[in-house]
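Participant: Spelled out from the first residue to the last, the chains are:
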Amino acid sequence: AQSVTQLGSHVSVSEGALVLLRCNYSSSVPPYLFWYVQYPNQGLQLLLKYTSAATLVKGINGFEAEFKKSETSFHLTKPSAHMSDAAEYFCAVSEGPGGTSYGKLTFGQGTILTVHP
Amino acid sequence: GAVVSQHPSRVICKSGTSVKIECRSLDFQATTMFWYRQFPKQSLMLMATSNEGSKATYEQGVEKDKFLINHASLTLSTLTVTSAHPEDSSFYICSASHGQTNQPQHFGDGTRLSIL
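So the protein sequences, as listed, match chains A and B. Just so we're aligned: 86 in my numbering is position 86 of the first sequence, and the numbers increase by one with no gaps anywhere. Just so we're aligned: 1005 in my numbering is position 5 of the second sequence, and the numbers increase by one with no gaps anywhere.
Among the clues, some could well be false.
[To be verified] In the EDC-like style, the derived pairs of lysine to aspartate or glutamate whose C-alpha atoms are separated by at most 20 Å in a straight line are:
1. B:Lys-1014 with B:Asp-1109
2. A:Lys-104 with B:Glu-1063
3. B:Lys-1064 with B:Asp-1027
4. B:Lys-1041 with A:Glu-88
5. A:Lys-104 with B:Asp-1109
6. B:Lys-1055 with B:Glu-1022
7. A:Lys-104 with B:Glu-1052
8. A:Lys-104 with B:Glu-1059
9. B:Lys-1041 with A:Asp-85
Because the hints were derived from the structure by calculation, they are not lab data.
Chain A extracted, bound-state conformation:
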C-alpha cells in the first residue's frame, strides 16, 4: 500500500522568496515520485518525476525536488517564487517495477501556493 502526506494545505510566500512544499510518502516497494501542478479548472501538468535515478530532480519552471529515502520525503523547492507559480500542487507516488500495482498514482491532498507581491 502507498500513501502521500503533504504538510500544509496552504503555503503563502512573497514574490522572489523561496518556495518549499513538503511531501512525505509511504511505500512498501521502491517508489516512483511525482509533482504535478494544477491551475483552476484544468488538469494536472507534470513538474518533475523521480524514477530511481538521480536523487535531485530538476523540473520545469525552475522547480526541483530531492528524494530522501531515509526521511521518506520528496519536498519541492524553487529558489525564487513568481506570481505565475500560484496554483495547487500535488505530490504523487506510484510503485516502481516489481510492485503489484505499478503505474497507479496515489495523490496527496494538495497544497495551494499563494504568491503575493
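Given chain A's structure and the hints, the job is docking chain B onto it.
Facilitator: Only chain B this time, still in chain A's reference frame:
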C-alpha cells in the same frame, strides 16, 4: 510533449441523463488510461484503470455499472456516467500512459459535470 485531450470540458444536464466523456491521446499510443474524480478542494481519487482491449479495473467503492469505461483503441477511452444524479456532480479527469514503467501519466484538462 505528450498531449491528452478530454472532451467535453463542461457538461450541465438533468438528473437521469447519461453523459459520455472522451479522453484521447493525441501524439502517442496510450496502452493504459486512468480515470479520476476530484471533489472541490480535494485531491484526485482514482476511479478505474483502463487497458486497451480489456475490461477496466475499478477501485473499491466505484460502481462499474454506474461508470462505464470503454478503451477500444490505443488513443481513445470513454467514461459514461449512466443515469447521472446530483451526487455525481464532480470534476472528472483522465490520464494516459505510454505503458512503460517509468513513463509518467499525462493528464487531460478535465470535465466539469454538473447534474441538476
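Participant: The structure should be examined with respect to each hint, and the outcome stated for every one.
Facilitator: So, going through the hints one by one against the coordinates:
At roughly 23 Å between alpha-carbon atoms, Lys-1014 (chain B) and Asp-1109 (chain B) are farther apart than 20 Å, so this suggested pair is violated. As the CA atoms of Lys-104 (chain A) and Glu-1063 (chain B) are separated by approximately 19 Å, the hinted pair is consistent with the 20 Å bound. Annotation: proposed proximity of Lys-1064 (chain B) to Asp-1027 (chain B) is violated, straight-line Cα distance about 29 Å (limit 20 Å). Of the supplied pair hints, the one linking Lys-1041 (chain B) and Glu-88 (chain A) holds, its CA atoms being roughly 10 Å apart against a limit of 20 Å.
Restraint check: the Cα-Cα separation between Lys-104 (chain A) and Asp-1109 (chain B) comes to about 19 Å, which is no more than 20 Å; the hinted pair holds. Our distance criterion of 20 Å between C-alpha atoms is met by Lys-1055 (chain B) and Glu-1022 (chain B), whose separation comes to about 17 Å. Between the alpha carbons of Lys-104 (chain A) and Glu-1052 (chain B) the distance comes to roughly 16 Å, so the proposed pair stays at or under 20 Å and holds. The hinted pair formed by Lys-104 (chain A) and Glu-1059 (chain B) meets the criterion: a straight-line CA distance of about 11 Å does not exceed 20 Å.
In summary, the hint linking Lys-1041 (chain B) to Asp-85 (chain A) is supported, as the alpha carbons are separated by about 18 Å, within the 20 Å threshold.
When held up to the earlier numbered hints, the structure conflicts with 1 and 3 and fits the remainder.
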